[in-house]
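Participant: Top to bottom, those sequences are chains B and Y. First residue of the first sequence: 93, per the numbering used here; consecutive thereafter. First residue of the second sequence: 93, per the numbering used here; consecutive thereafter.
Keep in mind that the hints are not guaranteed to be accurate.
Heads up, the list lumps identical chains together, so a pair's fine if it works in one copy or across two of them.
[As the list claims (entries may be wrong)] Calculated cross-link-like contacts (lysine to aspartate or glutamate; reagent style EDC-like; alpha-carbon spacing at most 20 Å):
| id | residue 1 | residue 2 |
| --- | --- | --- |
| 1 | Lys585 | Asp416 |
| 2 | Lys485 | Glu388 |
| 3 | Lys346 | Asp185 |
| 4 | Lys188 | Glu556 |
| 5 | Lys99 | Glu437 |
| 6 | Lys194 | Glu147 |
| 7 | Lys343 | Asp185 |
| 8 | Lys479 | Asp494 |
| 9 | Lys99 | Glu147 |
| 10 | Lys570 | Glu163 |
| 11 | Lys192 | Asp349 |
| 12 | Lys123 | Glu147 |
| 13 | Lys370 | Asp185 |
| 14 | Lys485 | Glu232 |
For the record, the hints were derived by calculation from the structure and aren't laboratory data.
2 protein chains.
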Amino acid sequence: MIKLPVKILDIRSVDPTVMISHQTASRLKFKHTAVVMVRHEVSGKSFSATPVVTEGIVENNVVGISAPDAEWLNVRDGDEVLLANRRTPASLDLLKQKMKGKAWTQNDVYAIVNDISKRNYINLEIGEFVLTSEFQGFSEEEMTAFAVSMAEQGTQFDFQEKTFDKHSIGGVPGNKVSLVIVPTIASAGLLIPKTSSRAITSPSGTADSMEVLAEVEFSPDEVSEIAPRTRGMIVHNEPLKLSPMDGIVAKVKKFLDVDPQDQMLSAIISTKIAMGIKNLVIDIPTGKYTKMQTTEEAMNFAHRLVGLCHRVGINVEAAMTLGDTPIGTNIGPALEAKEALEILEGKVKNTAYTKSLELAGTLLEMGGVASINRGSEVARELIESGKALKKFKEIIEAQGGDPNITSNDINVGEYTYTICASQDGYVRSISNRGTKLICAAAGAPSSKESGIVLHTRIGAYVKEGDPLFTIYSNSDAKLSSAIQVATNYMAVKISGMIINRVKSEKKI
Amino acid sequence: MIKLPVKILDIRSVDPTVMISHQTASRLKFKHTAVVMVRHEVSGKSFSATPVVTEGIVENNVVGISAPDAEWLNVRDGDEVLLANRRTPASLDLLKQKMKGKAWTQNDVYAIVNDISKRNYINLEIGEFVLTSEFQGFSEEEMTAFAVSMAEQGTQFDFQEKTFDKHSIGGVPGNKVSLVIVPTIASAGLLIPKTSSRAITSPSGTADSMEVLAEVEFSPDEVSEIAPRTRGMIVHNEPLKLSPMDGIVAKVKKFLDVDPQDQMLSAIISTKIAMGIKNLVIDIPTGKYTKMQTTEEAMNFAHRLVGLCHRVGINVEAAMTLGDTPIGTNIGPALEAKEALEILEGKVKNTAYTKSLELAGTLLEMGGVASINRGSEVARELIESGKALKKFKEIIEAQGGDPNITSNDINVGEYTYTICASQDGYVRSISNRGTKLICAAAGAPSSKESGIVLHTRIGAYVKEGDPLFTIYSNSDAKLSSAIQVATNYMAVKISGMIINRVKSEKKI
């Protein structure tokens, strides 16, 4: 163990950087194949990594770290940090035991969560945790322990009143219902401080869509101050630091392309515990290319979820929703914000509208604002009366947006192209995967104006030349590429159509 | 995809380095969270990594890589390489399928082996392969496909005659029997081109011990030339590049601290296929702190091994050997070389001697040099007649060592300390783990002169003050540290002894 001044390097990389010179490494007897730990005594923060031993990049007796890691440690250039060989975390042995079938105790889970949250694991070891979770699953006790301990590692809210929330496990495009549900619930006086993620692989996350209308990055203090006043907010979850472990594990899960269900479930509920949520509706989209391929799988997930919520004191209803096909008509950040406004303005009554009514209705019943089985009717009244729209504008204003915005004011991509039916027939399917791929090619979610608008629905009869969907993009080149994807991948299939591009589909 | 000149950086790190400037990354639209591939068109070699995007370390329009990776690509500073976003290897999807229980076909296995050997996986993905192998195991067909395809990726030998080999799966200290067996078999005229590893966690690998007497690093051409002439060699396996995949996977297995049995088995046999071995004896040490804790486990392993060898056309006998306690008396590179010479010189007849006779005897029977059940008798004659010693000196000379060396000439650590019995009693156990820890503290295997010599054996009656074992080291400080370990960890236990340090044992 030694104290060395830190040199902050302008570096972005997936694996954390701990750069030392050959001379420093040999003086300290550090091998490049060992795991080392960098610790800042003042902040008490540390992280572990395999070092990069080098010549000519950092001076002797200095430790080079990246700017994000400097921020994590809360150090400035030249500050002293401790550098030591990492003591192997005792919890790594618990992974081996679990591999052999031994269940984790509550203390075991706390130790694992603590070690990962404190960055005592390197990425390969986090991968070991993820894959062990995938293969062995969690018992009910393990799930509870994960949810509770993950919440304890991050920011914790206490609104001192009953709180409501709606959460979707995702996977279906066009699912902008939170933008309708939050103002509806808030307009009934219930408190719904909704935290959302940005899109990772999908065309738009709720935070991406909301950001078209208002700011979404708020500190915990700001949320604690604003939400009780407006009764609702839609904010990005990351700046709130609800679960340090979640962000750390998410990066590795992305590379492994694995998302262990029990771990996902614990993580979702941990953020609800951290936000102090007491009443929750969970939307479980079910169908091809969503996270739940079959109703059986979704039912099993729902039961485990309900059991977990029960054990941590959250009143919950799980709703399995149709997920075979996009929700509503618009996909992409701006287009989804536009559609949500159109619903609240009373202009549109499509599947996004009915899904919003159902989920909002459940929450209204839970909150005692509507009697049993009358929830969606009350939700409809709140929307049709304009109360929900008024509330949404209040929320938009409180989050720094323009309260006078209407659905007509939203900018969408200026480059457009409409795909039309190549023959007469009934619309047999509208593919989640196809629409996602087209939106990605068009530039969503990083270009907020890009996406698609569907002009038809499953079961509709179309004639040759009828418009099926329009692609929007902010760039001519991206529009061309999206048209190419749309041509190769038949996102909308019409019965009787000759599927002559099965091979091309696979290439995408 | 773009061509950029390479800048070779003086860097050592576990994860491969691909360093580009922010400007270059943004021009090429590379994200630091994506996987990129660096390819040298001339050599056809490539590797994948997550890039380090930085300012002030590499210039714009240059790609910085480490010296070992430059060697892998066969590029010099300034040579042009291709840099591209990696196409996700199709075989990664096979890992997902296997997780869900789907078996791999022969083609699937070839694809995985090819992708790992060609470094198309990043370390996290290799970890995914390792843990999938650990959890799901391999079917017989999968093991065969792995053994064959791993061999095909590396150097392949063809000696054009019957070949013999002895392999130990390791785990027991003092197992220097290869140094006795190889010259014994070769002195009978059979060809035994033995490849060995260096110690990873043990006090000495066969290659480490042999290196005390001769060179062990040879090229494939040298082995092809020397071995048929001397009938035997003992060389380090790494320079032969028998299985590129093995080395790549080994690094990740070390970090994960996981060694999937079926994958280990396939890897062992792949090197035998690559060496063109047709007759094989496998030593499976069984007992506490070896790789096989129980006879049942060892039996199961042996059966799978025999089945695999049968399928790839290798005549094999698997010998479960006692592994509860060190083999012979000496542990550590030089001390083990010394003991092997003593056995061949006819000076020592201990458990290392009898184990060597048994294993060599089996090979002599397989080779038709001894009739059934007379193998170890023939081996004894070869040793007692001095033929095996003469052959060993020939081999030592052919491998660049001094053929006149005797057991008395071998340098051992000048700092020594003898641990004595603290009371009268029968020796109840001599611990593998304890002796390994003491040897490691004394400096083995990196200091070849360090190790221990046992003066007693299990079941022997000792009196208070009788010597139990002597520690050898080349450094006073390391000797002190080894004495400390020996004091805390009772490597030799005497019946009737009060075991009053159970807690301390766990701490080590």
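Participant: Can you give me the call for Lys99 and Glu147, within, between, both or neither, at a CA distance of at most 20 Å?
Facilitator: both (15 Å within a copy, 13 Å between copies)
Participant: Could you place Lys479 and Asp494 in one of the four classes (within, between, both, neither) given a Cα distance threshold of 20 Å?
Facilitator: within (18 Å within a copy, 96 Å between copies)
Participant: Could you figure out if Lys485 and Glu388 sit no more than 20 Å apart (CA to CA) within one copy, between two copies, both or neither?
Facilitator: neither (40 Å within a copy, 71 Å between copies)
Participant: Within, between, both or neither: how does the pair Lys194, Glu147 come out at a Cα-Cα threshold of 20 Å?
Facilitator: neither (46 Å within a copy, 47 Å between copies)
Participant: Is it within a copy, between copies, both, or neither that the alpha carbon of Lys99 lies no farther than 20 Å from that of Glu437?
Facilitator: Classified as neither: same-chain Cα gap 55 Å, cross-chain 59 Å, threshold 20 Å.
Participant: Since the copies are identical, ignore which copy is meant and state whether Lys485 and Glu232 lie within 20 Å (CA to CA) inside a copy, between copies, both or neither.
Facilitator: So Lys485 and Glu232 fail the 20 Å test inside a copy (42 Å) and across (65 Å) alike.
Participant: Between copies, within a copy, both or neither: which fits Lys370 and Asp185 at Cα up to 20 Å?
Facilitator: For Lys370 and Asp185, the Cα distance exceeds 20 Å both inside one copy (35 Å) and across copies (40 Å).
Participant: At 20 Å max between alpha carbons, let me know whether Lys570 reaches Glu163 within a copy, between copies, both or neither.
Facilitator: Classified as neither; 36 Å inside a copy, 40 Å across copies.
Participant: As a check of your reading, is Lys192 near Asp349 (CA-CA no more than 20 Å) within one copy, between copies, both or neither?
Facilitator: This pair counts as between: shortest inter-copy Cα distance 14 Å, intra-copy 23 Å.
Participant: Pop the pair Lys585 and Asp416 into one bin, within, between, both or neither, using alpha-carbon distances up to 20 Å.
Facilitator: within (13 Å within a copy, 68 Å between copies)
Participant: I want to check one pair: Lys123 and Glu147. Are their C-alpha atoms no more than 20 Å apart within a copy, between two copies, both, or neither?
Facilitator: within (15 Å within a copy, 26 Å between copies)
Participant: How do Lys346 and Asp185 come out at 20 Å by Cα distance, when the copy is not named: within, between, both, or neither?
Facilitator: Classified as between: cross-chain Cα gap 14 Å, same-chain 24 Å, threshold 20 Å.
Figure legend: structure checked against the earlier numbered hints; hints not met, in rising order: 2, 4, 5, 6, 10, 13 and 14.
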